[in-house]
Amino acid sequence: MNENTPDTDPWSAAAPASDNTAASAITDPQGGPAALADAANPYDTPPPPSGSDAWLEAGATPSGDFLSAGADAPAAGLQDGGFQLHRLWDGSLPVQDWINQGLDWVVLHFRPIFHALRGPVDALLGGVEAALVFPPTLVMIAILALLAWQLAGGVLGVATLVSLAVVAMLGIWSEAMVTLSLVLTSLLFCVVIGIPLGIWLARSERAHKWVRPVLDAMQTTPAFVYLVPVVMLFGIGNVPGVIVTIIFALPPLVRLTNLGIRQVRPDLVEAARAYGASPWQLLTKVQLPLAMPSIMAGINQTLMLSLSMVVIASMIAVGGLGLMVLRGIGRLDMGLAAVGGLGIVILAIVLDRVTQALGQPRRDQRQRWYRRGPVGLASRLLQRRSDAPAHGGMSSAPGTPQAPQARNANAALTRAG
Amino acid sequence: MAKTIRIENVFKVFGDNPEQALALARQGRTKTEIVEQTGQSIGVFDASFTIEAGEIFVVMGLSGSGKSTLVRLLNRLIEPTAGRILVEGENINDFNDARLREFRRKDISMVFQSFALLPHLTVLDNVAFGLELAGVDKAVRLPQAEAALAQVGLDVWARSYPDELSGGMQQRVGLARALAADPAILLMDEAFSALDPIIRTDMQDELLRLQLEKRRTIVFISHDLDEAMRIGDRIAIMKDGQVVQVGTPEEILRAPADAYVRNFVRGVDAAAVFKAGDIARKTQVEVSESATRGCRPALKRLQQHDREWAYVVSPDHRYLGAVSADSLGRALKGHEGPLGLSHAFVSGVAAVAEDTPISQLYGLLVDSPCPLPVTGAQGRFLGAISRTTLLKFLDPATDPHGNPLPEPAPAAA
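In the order they appear, the protein sequences are chains A and F. In terms of my numbering, the first sequence opens at residue 835 and continues consecutively. In terms of my numbering, the second sequence opens at residue 46 and continues consecutively.
Misleading hints may appear alongside valid ones.
Calculated cross-link-like contacts (lysine-lysine; reagent style BS3-like; alpha-carbon spacing at most 25 angstroms) [what the hints assert, rightly or not]:
1) F:Lys320 - F:Lys151
2) F:Lys151 - F:Lys327
3) F:Lys151 - A:Lys1119
4) A:Lys1119 - F:Lys183
5) F:Lys151 - F:Lys259
6) F:Lys48 - F:Lys183
Source of the hints: derived by calculation from the structure; they are not laboratory data. Bear in mind the structure is a predicted one, so any value in this text is a computation, not a measurement.
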């Protein structure tokens, strides 16, 4: 929420923050090839300031020598002069320059569009954050614990209550809620993008073939590499934080949705078709319900990965627990960093357990969701109050139209009690 | 109302260049040759036959013979490469997507070998699944599904989930799901093959019972010949995608089209398929009961034919009883003048109906002093079965009529 100077020029504001990361991000993975590319003047691109270049040089130069020596030998052996093969792999692919030029060009021409994209994300994020931060701490803890009870059962409800109380006692409640809002917003976007994408990949072999390497890249590219272009396009603050998190956390949801749908037994799909299911009915009545454990595992993974991005995102001025950790490291205040880290871990464990419990197919619980948990309890209490004057208690229920419901409620009450 | 299915020159080629494979197939190349030359696999090769309304039509064959492909052509889970499939005169290959869905929801349903029940739905919701797809309202479809479930005797399990039921019960649910929309055609793809033998027999009885309640056209895929013989009104035998023979169980046992079919049916329990009427012979002496012809001429005829037994029939050929030379002699001893044949009847000779399975005759024949008389409709005498006849019938080296097989076929695998 607390954007820093969005109206002036986020890029200039980003420069100091990203200087460090940008330099290492650009040269780090490409340092090796770049050094090979032009061994004569290895770094015509921005010279890295710190001691890292000594390390790079030390690492890169010998290998460059080795390679060029290796390439020279056969060339000399074949014929002198004429076509020199080593030229082909010595810097004929200046990707580094292309990317820099391309990014400059995109930034120059399309930044307003990217800035316009900030609007909706920002609004959503702000809304979620406000909703989480606005209620008093104790009320919010109660709400979240009840939610966990409803979704994942009584034990987890209590565990959530205790965990969140610890967070509050640590004095990091508002930071935790900022982080939670970031994670939930990212999750929402991941679900909106990831599940349809996963369904598409499960249906189209060609799409699967083309999108898979993209997902691989999203998952394995070091976050610092795309941190820079995202900052150049979107500025700094929570919105690019969400975008970076989405990039990192989306792939497992896509993959697991795809996998879940592909793993639906083919004879069930065939049976559904044989009984006249349209493609939409096949998806909604057979494939998605049966893929649900897998999809929930994907959502769980997405949540965990978003939480692990919190610290990295704090480098581009995302607030919350990650910022605490970053500050703690910066000031060598290990206590601060540890408390922030502890908050992240507690959030992660609570979210993990709740989403995992959601992913378990619950056969033993025959009741609908509104008959379970706090909602069920509340409705039963209400029902009992309204039943009491009419029938003089629950015992008169059998024989009436609501008999099965009442019996259910009875059973549930005894179980709950 | 049951529907007729006509299959006309249907081909199915798996592969991306079916025309090439079809061209080769029309030149008379075998399935293996075509796979070698083109890499295309022939699933069904020039199948043409008619499945009559209301019959149980069994498609038999070893695995890979194309029978599962054939049945999936009937509801277009697999599209044919060439040929026409007419259901009640309508070519189902002309159906567009919407019409096809309509057809699958209303007219044709399928039971699968693997049961294919949806694990996330209760038994009742599974049975109602087809109706749900058809957009039938919950208030209508659930009672209908309950009725279908009651038909197979599983109504108390409605709230359970499929994996809480045994295999046989699951397949009953599969059957109920197929019956829920009251379709005219039922496709059963190895429906009972995954069940153990006793349950399988139960399910076959169940199917026959359901067929008595309401006749549907049932296309039943099986690799179990005993099953086919037991429930099939007619049987088609497939080999390498080709339909080798179509006929009633008796026809197939009596006149196998080729060595393959003969080999195939070799192991079948013929005694369970054939009926007494099939092997009864009229080589015995028949005498008519009449006022003028009594015991004496009967004895004379027996001596002429050098036989021990004679069967007495009424003028309209109804069976009345059996007499032997001994019994006639005893009756005539010390008796003058004509004597009615009924005085010489041998007790303990009961006629069997012509539709008695041969497997039930063994004990009767052991107890009977004479060849068993067989009667048809209204007690008509059809012939008798002697012990020799029965032994010849049971001998696997002869055909059901006791003639030696034309060629000694290689031992079945």
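How the hints compare with the structure:
This hinted pair does not check out: Lys320 (chain F) and Lys151 (chain F) have alpha carbons roughly 38 angstroms apart, beyond 25 angstroms. Taken as a hint, the Lys151 (chain F) and Lys327 (chain F) pair is broken in the structure, with Cα atoms around 51 angstroms apart against an allowance of 25 angstroms. At roughly 19 angstroms between alpha-carbon atoms, Lys151 (chain F) and Lys1119 (chain A) fall within 25 angstroms of each other, so this suggested pair holds. At roughly 15 angstroms between alpha-carbon atoms, Lys1119 (chain A) and Lys183 (chain F) fall within 25 angstroms of each other, so this suggested pair holds.
Restraint check for Lys151 (chain F) and Lys259 (chain F): the C-alpha separation of about 16 angstroms stays at or below 25 angstroms, so the hint holds. Taking the CA atoms of Lys48 (chain F) and Lys183 (chain F), the gap is about 28 angstroms. The hint is violated against a cut of 25 angstroms.
The structure does not agree with the numbered hints 1, 2 and 6 stated previously, though it agrees with the rest.
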